[in-house]
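Peer 1: So the chains spell out like this:
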Amino acid sequence: MFTNLYINIEARGIKTGFSFLNERAGFDISESPIAYNANSSFLDSFIVGIANTLYVSIFGIVFSTILGVIIGIARLSKIFLVSKLASTYIEVFRNTPLLLQILFWYNVVLVALPNPKQSIQLGADMILNNRGFSVPRPIMEEGFSFVIIAFFASIALVVYLSKVAKRKFEKTGVNTFLLPWNILILFSIPLLVYVIAGNPLSFDDPVLQGFNYKGGMTYTPEFLALAFSLSIYTATFTAEAVRSGIEAVDIGQKEASSDLGLSAYQSLKLVILPQAIRIALPPIISQCLNVVKNSSLAAAVGYPELVTIFSGTALNQTGQAIEIILMTMSVYLCISLIISLVLNYVNKKLEIKGR
Amino acid sequence: MKKILKLSLIAIAVIGMNVNAGTFEKVKKEGVLHCGMSTGFAGFAEMGDDKVWKGFDIDMCRAVAAAVLGDANKLNNHSLTSKERFIALQTGEIDMLARSTTWTYSRDTSLGLNFAGVNYYDGQGFLVAKSLGVKDARELDGATFCLQTGNTTELNLADYFLQHNMEYKSVSYDTDAQVIAGFKAGRCDAITTDQSGLYSKLTVLDKSKYIVLPNIISKEPLGPVVRQGDDRWFNIVKWSLNAMITAEELGITSKNAADLAKNSNNPEIQRLLGVNGNLGEMLGLDAKWAYNIITQVGNYSESFEKHLGVNTPLDIKRGINALWTNGGILYSPPFR
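Residue numbers (our numbering), protein chains in the order written: chain B, 4 to 358; chain F, 14 to 349.
These are computed hints drawn from the structure, not numbers from a lab.
Each residue gets a CB set at the ideal place from its N, CA and C atoms; glycine is no exception.
Mixed in with the good hints there might be a few duds.
Result set (BS3-like, lysine-lysine): computed pairs, CA atoms no more than 25 Å apart in a straight line [to be verified]:
| # | chain 1 | residue 1 | chain 2 | residue 2 |
| --- | --- | --- | --- | --- |
| 1 | F | 143 | F | 87 |
| 2 | F | 268 | F | 67 |
| 3 | F | 143 | F | 182 |
| 4 | B | 120 | F | 143 |
| 5 | B | 120 | F | 268 |
| 6 | F | 182 | B | 120 |
| 7 | B | 217 | B | 120 |
| 8 | B | 174 | B | 272 |
| 9 | F | 39 | F | 251 |
| 10 | B | 87 | B | 257 |
| 11 | F | 197 | F | 148 |
| 12 | F | 182 | B | 217 |
| 13 | B | 120 | F | 220 |
| 14 | B | 166 | B | 296 |
| 15 | F | 143 | B | 217 |
| 16 | B | 81 | B | 352 |
| 17 | F | 197 | B | 120 |
| 18 | B | 120 | F | 64 |
| 19 | F | 275 | F | 301 |
| 20 | F | 330 | F | 232 |
| 21 | B | 217 | F | 197 |
| 22 | F | 39 | F | 87 |
| 23 | F | 67 | F | 275 |
| 24 | F | 87 | F | 64 |
| 25 | F | 148 | B | 217 |
Derived coverage of chain B by chain F (criterion: at least 3 residues anywhere in the stretch with Cβ under 8 Å from a Cβ of chain F; other residues may be distant) [as the list claims (entries may be wrong)]:
| # | stretch |
| --- | --- |
| 26 | 11-21 |
| 27 | 81-91 |
| 28 | 205-218 |
| 29 | 301-314 |
| 30 | 318-330 |
Quick list of simulated restraints, FRET-style, between CB atoms [claimed, not checked]:
| # | chain 1 | residue 1 | chain 2 | residue 2 | range |
| --- | --- | --- | --- | --- | --- |
| 31 | F | 324 | B | 36 | 48 to 58 Å |
| 32 | F | 52 | B | 13 | 30 to 40 Å |
| 33 | F | 346 | B | 217 | 31 to 41 Å |
| 34 | B | 213 | F | 119 | 31 to 41 Å |
| 35 | F | 172 | B | 213 | 17 to 27 Å |
Bound conformation, chain B alone (with noise of 0.2 Å):
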C-alpha cells in the first residue's frame, strides 16, 4: 500500500520526502523555550512544539498530581465541609469537557486581566496583565555553579543525616527531629557559597517599552489557561484514584493502627498511604500520560505546542499533511511510551513482592 501510496502521490505533483525539514519555516512562534525565529528550519519548529509540550505537560503533570492528592484525601475527611467541597470540585471538573475548560479560563484570564499600561505589580518585579505574567528572569554569571554544587553537596548532607538517624532509631528507638536542621542545612550552605562567590546572580527584570513588557520572562495567558485547566482537570481523576487507592487498603490495617497507639497523621502516613499509593498509582500513571495528549487541545487558545506549530502551521506552509501527521503522532506515542516505563519501573518497585 506505501508503494503505490508514493506513486501515487508522485503522479499528482504533491512533494514528499522530509527534505521540507531543512528549509526555512518563515513564521515565528509566540514562545519558545529554545532560540528560534523566522529563519529557523521547519525541523525547529518540530523541536520548539515538542518542548513547549513536554512544559506544560510538566507543569501539568506535577501540580495535578500535588492537587488530586490533596482533594482525595480532602474527600474522605471527616469534616463535613471539606468533604463536601472536595465532593463538588470532582464532580464539577470531572464532568465538564477539558476543551471547554480551556476555553472558559483563557477567556476569563483575557477579560478579568487589565492591558499592559495598566499592570497589576505583584511584589518587586512581578507584573501581571493580558500579555500574560511576567517576572524577572534569572541571570548566572561566573562563579554561580559553585553555588549549584553546593547545593547537591547540602542535599548529599541531608540524606546521610537522615540515615544517620535511621540507624541510630532502629538501634535505640530514639527518634531524632531532623527536620528544622534539614532546613538550616539546605539553605545556610548555597547561600554562604553565594556570598562568598559575589553575587554570581542577576536578575533582567520586565520594564514597559512601548505596548509591552519587555525583557524578564513572561508566561502567556494560553500557557497559564492551559496549564491551569489541564491540572484542575486531571486533578480530579488522581483524585478519586488517591481515595478509591486509600479505600481500598483494608479497614483492618486502620483499626490496627490505630490499636498501635499511632495518631491520625502517623497512621496515614506509615501505614494507609503506602499501600494505597500501590493501588493508586497505575491509574495516576494512565492520567499523567492524558495530560501529555490533552496538551493537544492548546490549538484552540494558540498555545504553540506540537500540534498547534507542527500540524498547523508547518503542514499548512508545506502541504506535506501525511509526513507530518506521521511525525506527530510518534512524537507522542514516544512520550506515552517513556512516561509509562518509568512510572511502570516505580510501579514495580512498590508492588507487594509475591510470598
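Fit chain F to the known structure of chain B by using the hints.
Peer 2: Quick look at chain F alone, frame taken from chain B:
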C-alpha cells in the same frame, strides 16, 4: 483537529488507491458539485437567515454548478478550516476550493493543485483600535498580533518585521472567532490578515472604535483551486470565472441577459450567451453554460456589490478589483 486527522487518514487510504477519474464526469454523474469553502467569513461565505450559504466565494461555486449542471443550487458546501482545505481537495472530498486562498508559487508547484485564476486581488493589512493612536504600520514596533494559523499571514508578518527591523509578538489561533475574541479582550494590539478579512471582521466589531491601517504588506491574489492533472475541469472553473468578468465588461447582467440573447447584434455577446458559435461545445458543456452563470449568479460586478460592495456592511470599494477598463487590474482573456 479530529477532522484533519481523519482527512489525513483518508489521504493515506484514498491517495493509496487511484481516484484520478475525471472530475467533470463525476460531478455530472452525481448531479451535485462538492465545493470547499470557509467555515464562516462575512461577505465571502456566510449562512444567511434562510439557512443557505451565500457570499462572494459561494458565488464562484454557484457559477461552476450553473455552468456544469445548469443549476447554481446543485451545490454541496463543505466548510473547511485553512488547515484542512488542501487535503480535502487533494483527496477528492471536494471538486473545487473557493475559500479566499492565496495563489503562491509553492502552493501551485508542490501541492498537486492548480489555481484557476484570481477572483479577488487582496493584500495583508492591519486592524487596530483607534484609541491606540497608530496611523501607520511602521509605528507597530513591539506590538502583539492576533492571527489565524495556517495562512500566508504568518510568513508575511515575519518578513515585514524582519525587513523593517522591528520586533513583534503573535498569537496564532485556530479559528477566526477566537481571533476576534482575543483581540476584543485585549490579548493583542492588532489583528492582521488579508484586508478583505479585516473588513469582514469590522462588521462584527464596533466600527467607530476600530480602523484598518492603509498599509498593505503583501500581495494576496485569491482564487478558486482545482486538482492538478484534470485539465478539462481546470478549464471549466477558469472560464466560469472569466465568463463572469467578461459579462461585466460587455454589460451583461442577470436582468438583461435574456433580452440580450434575443436582441443583441454584438457578436461577442452572442458568442458568450451561446446564441452564436460553439464555445460551449469546446468546453464540453451546454451552449447555454455562460448564460446560466449570468442569469443565475450574475456578472462579477453584481456578485461583488451584492456581497462585498459599498452597500453591504463590508463596504469594500472595487479598488484594484475594478475592470481594467475602469482603472483596476481585472482582465479576462477574450471569448473567441
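Peer 1: Hint by hint, note whether the structure agrees.
Peer 2: Status of the hints after comparison with the structure:
1. With a C-alpha separation of about 44 Å, the suggested pair residue 143(F) and residue 87(F) falls outside the 25 Å cut-off, and the hint is violated.
2. A C-alpha spacing of about 19 Å is found between residue 268(F) and residue 67(F), which places the hinted pair at or below 25 Å, so the restraint holds.
3. About 20 Å separates the Cα atoms of residue 143(F) and residue 182(F), which keeps this hinted pair within 25 Å; it holds.
4. Of the pairs offered as hints, the one joining residue 120(B) and residue 143(F) holds, with about 16 Å between alpha carbons and a cut-off of 25 Å not exceeded.
5. Taken as a hint, the residue 120(B) and residue 268(F) pair is broken in the structure, with Cα atoms around 57 Å apart against an allowance of 25 Å.
6. Pair hint residue 182(F) plus residue 120(B) holds up; C-alpha atoms about 17 Å apart against a cutoff of 25 Å.
7. Taking the CA atoms of residue 217(B) and residue 120(B), the gap is about 13 Å. The hint holds against a cut of 25 Å.
8. A threshold of 25 Å between alpha carbons decides the hint, and for residue 174(B) with residue 272(B) the separation of about 22 Å falls inside it, so the pair holds.
9. Proposed proximity of residue 39(F) and residue 251(F) is supported: the alpha carbons are some 18 Å apart, at most 25 Å.
10. For the hint linking residue 87(B) to residue 257(B), the alpha-carbon distance of about 23 Å falls within 25 Å, and the restraint holds.
11. This hinted pair checks out: residue 197(F) and residue 148(F) have alpha carbons roughly 19 Å apart, not beyond 25 Å.
12. Between residue 182(F) and residue 217(B), the direct Cα distance comes to roughly 11 Å. Compliance with the 25 Å bound is thereby established for this hinted pair.
13. Pair hint residue 120(B) plus residue 220(F) holds up; C-alpha atoms about 24 Å apart against a cutoff of 25 Å.
14. Note on residue 166(B) and residue 296(B): the hinted pairing is violated, with a Cα-Cα distance of about 40 Å set against a maximum of 25 Å.
15. In summary, the hint linking residue 143(F) to residue 217(B) is supported, as the alpha carbons are separated by about 23 Å, within the 25 Å threshold.
16. The straight-line distance between the Cα atoms of residue 81(B) and residue 352(B) is roughly 32 Å, outside the 25 Å bound, and the hint therefore fails.
17. At most 25 Å may separate the alpha-carbon atoms for a hinted pair to count; residue 197(F) and residue 120(B) meet this at roughly 16 Å.
18. Taken as a hint, the residue 120(B) and residue 64(F) pair is broken in the structure, with Cα atoms around 44 Å apart against an allowance of 25 Å.
19. The suggested pairing of residue 275(F) with residue 301(F) holds, with an alpha-carbon distance near 13 Å, which does not exceed 25 Å.
20. A threshold of 25 Å between alpha carbons decides the hint, and for residue 330(F) with residue 232(F) the separation of about 17 Å falls inside it, so the pair holds.
21. The suggested pairing of residue 217(B) with residue 197(F) holds, with an alpha-carbon distance near 22 Å, which does not exceed 25 Å.
22. A hinted pair counts as satisfied when its Cα atoms are at most 25 Å apart, and residue 39(F) with residue 87(F) qualifies at roughly 14 Å.
23. Of the supplied pair hints, the one linking residue 67(F) and residue 275(F) is violated, its CA atoms being roughly 30 Å apart against a limit of 25 Å.
24. As the CA atoms of residue 87(F) and residue 64(F) are separated by approximately 15 Å, the hinted pair is consistent with the 25 Å bound.
25. For the given pair, residue 148(F) sits about 23 Å from residue 217(B) by alpha-carbon distance, which is consistent with the 25 Å threshold.
26. Taking a C-beta to C-beta cut-off of 8 Å, the stretch 11-21 of chain B contributes 7 residues in contact with chain F, enough for the three needed, and the coverage statement holds.
27. Beta-carbon proximity to chain F at under 8 Å applies to 0 residues in the stretch 81-91 of chain B; the threshold of 3 is not reached and the given coverage is violated.
28. Remark: the stretch 205-218 of chain B is confirmed as covered by chain F, as 5 of its residues place a Cβ nearer than 8 Å to a Cβ of that chain, reaching the required three.
29. Residues of the stretch 301-314 of chain B lying with their CB closer than 8 Å to a CB of chain F number 8, which satisfies the three-residue condition for coverage.
30. A count of 8 residues in the stretch 318-330 of chain B with a Cβ less than 8 Å from any Cβ of chain F is obtained; the coverage claim is therefore met, three being the minimum.
31. Between residue 324(F) and residue 36(B) the beta carbon distance is about 51 Å. The supplied range of 48 to 58 Å therefore holds.
32. With their beta carbons about 32 Å apart, residue 52(F) and residue 13(B) fall inside the hinted range of 30 to 40 Å.
33. The hinted range of 31 to 41 Å is not satisfied by residue 346(F) and residue 217(B), whose Cβ atoms lie roughly 53 Å apart.
34. At about 34 Å, the beta-carbon gap between residue 213(B) and residue 119(F) stays in the expected band of 31 to 41 Å.
35. The given range of 17 to 27 Å is respected by residue 172(F) and residue 213(B), whose C-beta atoms sit roughly 21 Å from each other.
Consistency with the previously given hints fails for numbers 1, 5, 14, 16, 18, 23, 27, 33, ordered from lowest to highest.
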